[in-house]
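Taken in order, these protein sequences are the chains called B and Y. Per my numbering, residue 1 is the first one in the first sequence, and the count goes up by one each step. Per my numbering, residue 1 is the first one in the second sequence, and the count goes up by one each step.
Warning: the hint list may mix true and false statements.
[To be verified] Here are the computed lysine to aspartate or glutamate pairs in the DMTMM-like style, where the Cα-Cα straight-line distance is at most 25 Å:
{"no.": "1", "chain 1": "Y", "residue 1": "K383", "chain 2": "B", "residue 2": "E172"}
{"no.": "2", "chain 1": "Y", "residue 1": "K153", "chain 2": "B", "residue 2": "D167"}
{"no.": "3", "chain 1": "B", "residue 1": "K55", "chain 2": "Y", "residue 2": "E208"}
[Said to hold, decoys possible] The following residues of chain B were derived to be distant from chain Y, with all beta-carbon distances above 12 Å:
{"no.": "4", "residue": "F130"}
{"no.": "5", "residue": "N143"}
{"no.": "6", "residue": "I186"}
{"no.": "7", "residue": "K214"}
{"no.": "8", "residue": "G286"}
{"no.": "9", "residue": "D290"}
{"no.": "10", "residue": "Y307"}
{"no.": "11", "residue": "E359"}
{"no.": "12", "residue": "D380"}
{"no.": "13", "residue": "L410"}
{"no.": "14", "residue": "L499"}
{"no.": "15", "residue": "L512"}
{"no.": "16", "residue": "H513"}
What the hints contain is simulated information worked out from the structure, not anything from laboratory work. Backbone N, C-alpha and C define an ideal beta-carbon position, used for all residues, glycine too.
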Amino acid sequence: MIPLLDPGVADWSRAQFAVTAMFHWLFVPLTLGLAFIVAIMETIYVKTGDPEWKKITRFWMTLFGINFAIGVATGIILEFEFGTNWSNYSWFVGDIFGAPLAIEGIMAFFLETTFVAVMFFGWNKIGKRFHLASTWLTGIGANLSALWILVANGWMQYPAGMRFNPDTARNEMQNIWEVIFSPVAIHKFLHTVCSGYVTAAIFVVGVSSWYFLKKRHLLLAKRSILIAAIFGLVSSLLVAITGDSSAYTVAQKQPMKLAAMENLYQGHKGNGLVVIGLHDPNKKIGDGKDGFLFKLEIPRLLSTMGYHNGDAFVPGIEDLKNGGFKPEYENISLEEKDAAFSVDEKIQRGRMAISALYEYRMAKKNGDSARAYEAQRVLDRYFMFFGYGYLTSTESVIPNVPLVFYSFRLMVGLGFWFIILFILVLYFLYSKKLENKRGLLWLSVWTIPLVYLASQLGWVVAEVGRQPWVIQDLLPVTAAVSKIDTTSIQITFVLFVILFTGLLTANITIMLHQIKNGAKDGGNE
Amino acid sequence: MFETLSMNALQDYWWIIISLLGSLLVFLMFVQGGQTLIFTIGKTDMEQKMIINTLGRKWEFTFTTLVTFGGAFFASFPLFYSTSFGGAYWVWIAILFCFIIQAVSYEYRSKPQNLLGKRTYEIFLIINGALGTILVGAAVSTFFTGSQFTIDKLNLTNTLNPVISQWQGAAHGLEAMLNWRNAALGLSVFFLARLLGALYFMNSIADENIFNRSHKQLLYNAIPFLVFFLAYMITLILSKGFAVDPSSGIVSMEDYKYLHNFLNMPVVLILFLLGVVSVLLGIGLPFLNKSRYGSKGIWFAGPGTILTVFSLFLMAGFNNTAFYPSTSDLQSSLTIRNSSSSHYTLTAMSYVSLLVPVVLAYIWYAWRSINKKKIDSIEMENKEEHVY
C-alpha cells in the first residue's frame with residue numbers, strides 16, 4: 001500500500017517558500033528601481049561632465065551593490081524550491097512553467113550579472129559611454145528578469161495557452177504568446193515593477209531627507225531627491241493605474257480572491273467598494289451576517305472596477321461557495337453560463353476528471369481504445385475543475401479573509417500616501433523650502449519601512465488571496481508538494497530563517513554605515 | 001525552422017545545450033576552486049585581497065550559469081527536475097546553502113559593520129569552494145551510478161498521495177555521498193576546480209609570490225585530481241550501464257555500457273580525449289617553462305575542462321542511455337526521450353537558445369574589458385576602484 005502524504009508537508013513547504021519569497025522581495029524592489037535611478041544619474045554625469053554627479057552615482061551604486069548580492073542569493077533558492085518542495089507541481093506544469101525560468105536565465109540574468117560587473121569594476125577600464133551603457137543594461141536585465149518571473153507567476157494565477165495531456169499526465173504548452181501576454185501576467189508585471197520603482201524612489205527620498213535633517217551631503221541630497229521624487233511620482237501613478245487594471249483581471253479570473261480582498265460574503269448588483277472597514281471576527285460561513293463590524297463604502301465602485309459596469313453583480317464568498325447565481329466574470333465553464341456551480345459541484349466534477357484520467361491510463365495500458373476515448377472525453381469536459389478533486393472540504397477554497405482584506409486596504413492606503421509624499425516633496429523643492437520642512441523630512445525617512453511593508457502586503461494579497469491554489473482551479477498546494485517528511489522541511493525552514501535573518505541584519509548594518517558615511521564616497525557640497 | 005525538427009532531434013538538441021551549460025558550469029567553478037586557495041596562496045592581507053578580488057569579478061558568471069543550468073533543465077527535462085530536486089532534497093539544499101553564502105560574501109567581506117566579521121565571510125567562501133564542488137560533482141556522478149526513486153504517473157489519480165516521483169532513500173540524496181564512485185567524481189571536480197583556480201591566478205594577478213605559490217599548487221592538486229579522475233573513469237568504462245531499448249523504452253543493465261557509448265560515438269570519444277589532453281597540457285606546460293606558459297595554462301585547461309565534461313554529459317544521455325537511472329526501479333529511469341518537455345515547448349525554447357551565442361559574445365567582450373589589465377596591489381589601494 002502506498003503511504004499517505006504527511007499532511008504537514010504542504011503547510012511547511014508553503015511556510016518555507018513564503019519566507020524565502022518575502023526575504024527575496026525585501027531586496028529585489030530596490031534593485032529594480034535603484035538601477036534606473038543610478039542610470040539616470042550617470043546619464044546626467046556623462047552629459048554634463050560634472051564630477052559631483054559621478055560621486056553621487058557611485059554612492060547610490062554602492063548601496064545598489066550591497067542589496068544586489070543578497071537579492072541574487074535569495075533568488076536562486078526560489079528557483080530550486082520549485083523542485084525541492086513542489087516536485088509534483090514541477091512535473092504537472094513544468095512544460096510551461098520551466099520555459100520562463102530558462103528564458104530569464106538566458107535572456108535577462110546573464111545580461112544583468114555580466115554588466116553589473118562592468119558597472120562596478122569598469123570605471124577606470126572602459127570608456128564613459130560603454131560604462132553608461134553597462135549601467136542601463138544592468139537595469140534592463142534586472143527588469144527583464146522580473147518580467148519572466150512575473151509571467152510565470154501570472155500563469156499560475158490564470159493558466160492559459162496550454163492543454164492537459166493524459167498520456168504524459170501533465171499540462172503542455174500550446175501557445176507561448178498566450179502565456180506571455182496573458183492579461184494577468186502583463187498587469188502583474190507592470191504593477192510589480194512599478195511598485196519596485198516606488199520602493200527605490202522612497203528609499204532615495206528618505207535617505208536624502210535624512211541628510212537634509214543632519215545638514216550633511218546637501219548637494220547629494222538635493223540632486224538625488226529631485227530625481228527620485230520625479231521618478232517616484234510617475235511610478236506611483238503607474239502603480240495606481242496598473243492596480244486598477246489588476247483589480248479588473250482579479251475580478252474576471254479569480255473572483256474568490258476579489259471577494260476575500262473585499263471581505264465580501266454576500267454579493268449583489270452594484271456593489272460598493274469598502275474604503276475602511278472592520279472585519280467581524282465572529283463571522284461564520286452561512287450565518288447571514290455581512291462580515292463587517294463597521295464599514296465605509298463608495299457605492300457601486302467595486303462593480304465598476306471589477307466589471308466596468310456599475311450595476312454588475314459581484315459574487316461574495318458565500319455566493320461562490322453555494323453557486324446558483326448568474327456569473328458575469330470570465331473564468332467560467334460553458335455549463336455555468338446561467339448558474340454558477342457550487343464548490344461541492346466543482347469538487348464532484350474534479351473527482352470525475354481525476355477518475356477519468358485513471359480510466360484513460362488503465363484503458364491505454366490494456367489497449368482498450370474505445371474506453372480510453374470515452375475517458376478522455378470526460379477528462380476534457382471536466383478538466384477545468386481538476387484541482388477541486390483533491391479538496392477535502394468546500395470551505396478549503398476560502399483564503400484567509402481578514403489577512404487579505406486588511407493587507408489590501410493597508411497597501412492601497414500606503415500607495416496613496418506615497419503619491420502625496422512625492423507631490424509634497426516636489427512642491428517644497430520647487431519653492432525651495434524643503435530643507436526647513438523638518439516634519440515632512442522625518443515623514444520621508446519613516447516612509448522607508450512603510451514602502452517595504454506595502455510591497456510585502458501586495459504579495460500577501462496576491463498569494464494568500466489565491467489559496468488553496470498553486471495553479472488556479474487546477475492544482476491545490478496539497479497536491480503540488482514533494483514526497484518528503486515534514487521534519488526535513490521544518491529543519492530547512494529554521495535554517496533558512498536563521499540564515500536570512502543574519503544576512504538581512506548584515507545588509508541593514510552595512511547599508512546604514514554606508515549611508516552615514518556617504519560623504520566619503522561622494523556627493524559633498 | 002525548429003518546428004520541422006522531429007521530437008528526437010529536439011530532445012537531442014536540448015541535451016546538447018544542457019551538456020554545454022553543465023560543462024561551462026564546471027569550468028567556471030575555477031572561482032570555487034580558487035576560493036579554497038585564498039589562505040594557501042595568499043599569505044598577506046594584500047595577497048588575499050588580490051585573490052579575492054580577481055575571483056570576485058567572476059563569481060556572478062558561475063552563479064548565473066548555475067541558475068541557467070537549473071532553469072534550462074527545468075524547461076527541457078522537467079521530469080528530471082521534479083524527480084531529482086524533490087527527491088535528493090538534502091543534497092540540493094546543501095548545494096543551495098553553499099551558493100547563498102557565497103553570493104553575499106564578496107560584497108560584504110570588507111564592508112564595515114558587516115555583522116559577522118571579515119574572516120567569517122572568507123570561511124563562507126571556502127565552504128562554498130569545497131562543499132559546492134564536491135556536491136555538484138557527486139550529484140553529476142549519479143547520472144552514471146543511479147539513484148533511489150520510483151516514478152508512477154498514475155499516482156496523480158490518488159488524491160491522498162498524488163506525487164508522481166517518489167524517493168526511496170530515507171536520507172533524501174545524502175546516501176549518494178556514501179557511494180565511493182560518487183565521492184571520487186566529487187573530489188575530482190574539487191581538485192580540478194583548484195587547479196583551474198591556481199591557473200587563473202597565474203593568468204590574472206600581477207604578483208610574483210602569488211604566481212609562484214599557484215605554480216606549486218598545480219602539482220599538489222594535479223596528483224589527487226588524476227588519481228580520483230582516473231579511478232572514476234576506469235571504473236566507469238568497466239562498469240555496467242543503464243541501457244534503453246529505443247523501440248520499447250525498456251531499461252536494462254548492459255556490461256561496459258559507457259565503454260560502448262564511447263566506441264559507438266567516436267566524436268564524443270575524440271572530444272573527451274581532446275579535453276583530457278588539453279587539461280593535462282594546461283597543467284603540464286607551466287612545468288616545462290614557468291615564465292612562458294605559466295599564465296597561459298588556463299587557456300588549455302579551461303577549454304579542456306569544457307570538452308571533457310561536455311563529452312561526459314553526452315555519454316550519459318546519448319546512445320540509448322538512461323541519463324538519470326533508478327536503482328530502485330529500473331523502469332522508472334529517466335531518459336532524454338521520456339523526461340523531456342513537449343515538442344512545442346522544446347521548439348519555442350530552441351528559438352530562445354539562438355540567443356546563447358549573443359550572450360557568450362557579450363560575456364566575452366565584457367570579460368576582456370575587465371581583464372585586459374592584470375590585478376595588482378596598486379589597483380587594490382586605489383580609492384577610486386570598487387574593491388571587495
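Evaluated hints:
1. Y:K383 to B:E172: Measuring from Cα to Cα gives roughly 54 Å; hence the hint is violated.
2. Y:K153 to B:D167: Roughly 9 Å between the alpha carbons, so the hint for Y:K153 and B:D167 holds.
3. B:K55 to Y:E208: violated, 34 Å
4. F130: violated, 7 Å
5. N143: holds, 16 Å
6. I186: For B:I186, whose nearest Cβ neighbour in chain Y is about 19 Å away, the distance exceeds 12 Å, so it holds.
7. K214: holds, 18 Å
8. G286: holds, 26 Å
9. D290: holds, 35 Å
10. Y307: holds, 34 Å
11. E359: Non-interface label on B:E359 violated, nearest chain Y Cβ at 9 Å vs cutoff 12 Å.
12. D380: Holds, since 16 Å exceeds 12 Å.
13. L410: holds, 30 Å
14. L499: violated, 7 Å
15. L512: violated, 7 Å
16. H513: The claim breaks: B:H513 does not keep its Cβ more than 12 Å from every Cβ of chain Y (closest is about 4 Å).
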